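**Student:** Each chain is listed here by its residues.
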Amino acid sequence: MSYIKVPYPEIQKPTIYGNVCYPGLVVEVWIPSKGYQSFEFILDSGADITMAPRGMAKLVGVRLPRKADTWIYGIKGQKMAGYKGELKLRINGEEFGVKCLFTKSDKTPFLIGRVDFFSLFNVHFDNRNAQIILERLN
Amino acid sequence: MKEKPEIGQAPLADDVGFAAVYKGKAIATAPSFNRLIDKGEVKRLIGNKDLIIQHTVPEGMIVVY
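From first to last, the protein sequence lines stand for chains Y and B. Heads up, the first sequence is in our numbering, so the first residue is 17 and it goes up one at a time. Heads up, the second sequence is in our numbering, so the first residue is 22 and it goes up one at a time.
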């Protein structure tokens with residue numbers, strides 16, 4: 017069984033309710049002609065799918081179609097166009113691919129959602145030790 | 022220098038954005054991802070193992086994705 021332990025990049029994040037843990041995950045994204053580049057994603061178990069801003073599509077060499085593949089709904093009920101894609105990722109030397117949605121916005125944060133990622137890994141938020149433990153499943 | 026919002030005021034929208042951190046030090050920030058990666062130094066460093074690109078929100082802002 018293979019485990020990857022990744023420390024939270026920021027142990028506590030201050031809010032009006034006090035400090036909360038911050039499940040950031042530094043993940044390398046494959047960029048053709050440049051190699052792997054590190055991005056700080058948020059491991060978001062509430063997100064269906066991995067998301068990235070449209071500029072990421074350009075960086076990884078994906079040309080977005082004119083027509084949206086789907087719509088993404090935010091907490092205010094607003095919708096945003098989403099475009100299907102894939103990212104080749106690496107964490108601690110483990111390479112894998114995940115399906116993702118590139119958003120029309122260029123301000124979307126980097127989120128890792130459940131599609132693919134939660135099939136590849138069991139995820140343990142080890143808040144006491146401020147780390148994410150990933151258990152590779154296949 | 023940007024004014025810090027008072028408690029009860031909405032954080033400045035301009036403070037939400039992206040940062041490029043090289044060897045632990047922020048070398049560039051921008052309100053959008055494209056504008057960040059178009060900055061010369063960031064463009065030059067893409068692919069460097071010491072560069073991390075992150076999304077940023079102002080301290081104290083509640084974030085729900």
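Bear in mind the hints are in silico, worked out from the structure with no lab data behind them. Heads up, some of the hints might be wrong.
[To be verified] Pair by pair, the computed Cβ-Cβ distance ranges are:
(1) Y/Phe134 x B/Arg65: 20 to 26 Å
(2) Y/Asn138 x B/Lys46: 30 to 36 Å
(3) Y/Gly113 x B/Gly68: 30 to 36 Å
(4) Y/Gly77 x B/Asn69: 17 to 23 Å
(5) Y/Lys74 x B/Glu62: 30 to 36 Å
(6) B/Asp59 x Y/Glu111: 25 to 31 Å
(7) Y/Phe141 x B/Glu80: 18 to 24 Å
(8) Y/Ile91 x B/Tyr43: 31 to 37 Å
(9) B/Lys46 x Y/Gly51: 19 to 25 Å
(10) B/Asp59 x Y/Ile20: 16 to 22 Å
[What the hints assert, rightly or not] Straight-line Cα separation of at most 20 Å, EDC-like style, residue types lysine to aspartate or glutamate; simulated pairs:
(11) B/Lys46 x Y/Glu44
(12) B/Lys60 x Y/Glu111
(13) B/Lys44 x Y/Glu44
(14) Y/Lys100 x B/Asp71
(15) Y/Lys115 x B/Asp59
(16) B/Lys70 x Y/Glu110
(17) Y/Lys120 x B/Asp59
(18) Y/Lys50 x B/Glu80
(19) Y/Lys104 x Y/Asp142
(20) B/Lys60 x Y/Glu110
(21) B/Lys70 x Y/Glu56
(22) B/Lys46 x B/Glu80
(23) B/Lys64 x Y/Asp122
(24) Y/Lys123 x B/Asp71
(25) Y/Lys104 x B/Glu62
(26) B/Lys44 x Y/Glu56
(27) Y/Lys29 x B/Glu80
(28) Y/Lys74 x Y/Glu56
(29) B/Lys70 x Y/Glu44
(30) B/Lys46 x Y/Glu56
(31) Y/Lys74 x B/Glu80
(32) B/Lys70 x Y/Glu111
[To be verified] Derived coverage of chain Y by chain B (criterion: at least 3 residues anywhere in the stretch with Cβ under 8 Å from a Cβ of chain B; other residues may be distant):
(33) 48 to 57
(34) 95 to 107
Being a predicted model, the structure only gives us computed values, none of them experimental. C-beta atoms are modelled at their ideal positions from N, C-alpha and C, and glycine is treated no differently.
**Student:** Should the hint that Y/Asn138 and B/Lys46 are 30 to 36 Å apart at their CB atoms be regarded as holding?
**Tutor:** Given a distance of about 35 Å, which is inside 30 to 36 Å, the answer is holds.
**Student:** Starting from Y/Lys120, check that the Cα of B/Asp59 is at most 20 Å away, please.
**Tutor:** Cα-Cα ~18 Å, so holds.
**Student:** Is Y/Lys50 within 20 Å of B/Glu80, Cα to Cα?
**Tutor:** Given that 20 Å is the threshold and the Cα spacing comes to 32 Å, the pair is violated.
**Student:** Decide if the proposed pair is consistent with the structure: B/Lys70 and Y/Glu110, CA atoms, cutoff 20 Å inclusive.
**Tutor:** The given pair, whose Cα atoms are some 16 Å apart, holds under the 20 Å limit.
**Student:** Do the Cβ positions of B/Asp59 and Y/Glu111 conform to the proposed distance bound of 25 to 31 Å?
**Tutor:** 28 Å, holds
**Student:** Hey, B/Lys60 versus Y/Glu111, does the alpha-carbon distance stay inside 20 Å?
**Tutor:** 29 Å, violated
**Student:** Sort out whether Y/Asp142 lies within 20 Å of Y/Lys104, counting only the CA atoms.
**Tutor:** Measuring from Cα to Cα gives roughly 25 Å; hence the hint is violated.
**Student:** Starting from Y/Lys115, check that the Cα of B/Asp59 is at most 20 Å away, please.
**Tutor:** 25 Å, violated
**Student:** At the C-beta level, are Y/Gly77 and B/Asn69 separated by a distance inside 17 to 23 Å?
**Tutor:** 19 Å, holds
**Student:** At the C-beta level, are Y/Lys74 and B/Glu62 separated by a distance inside 30 to 36 Å?
**Tutor:** For Y/Lys74 and B/Glu62 the Cβ distance comes to about 19 Å; the hint is violated.
**Student:** With a cut-off of 20 Å on the C-alpha distance, tell me whether B/Lys70 and Y/Glu44 pass.
**Tutor:** 9 Å, holds
**Student:** Are B/Lys44 and Y/Glu56 close enough, with their CA atoms no more than 20 Å apart?
**Tutor:** Holds, because 14 Å separates the two Cα atoms, which is no more than 20 Å.
Checked against the numbered hints given earlier, the structure breaks hints 1, 3, 5, 10, 12, 14, 15, 18, 19, 20, 24, 25, 31, 34 and satisfies all the rest.
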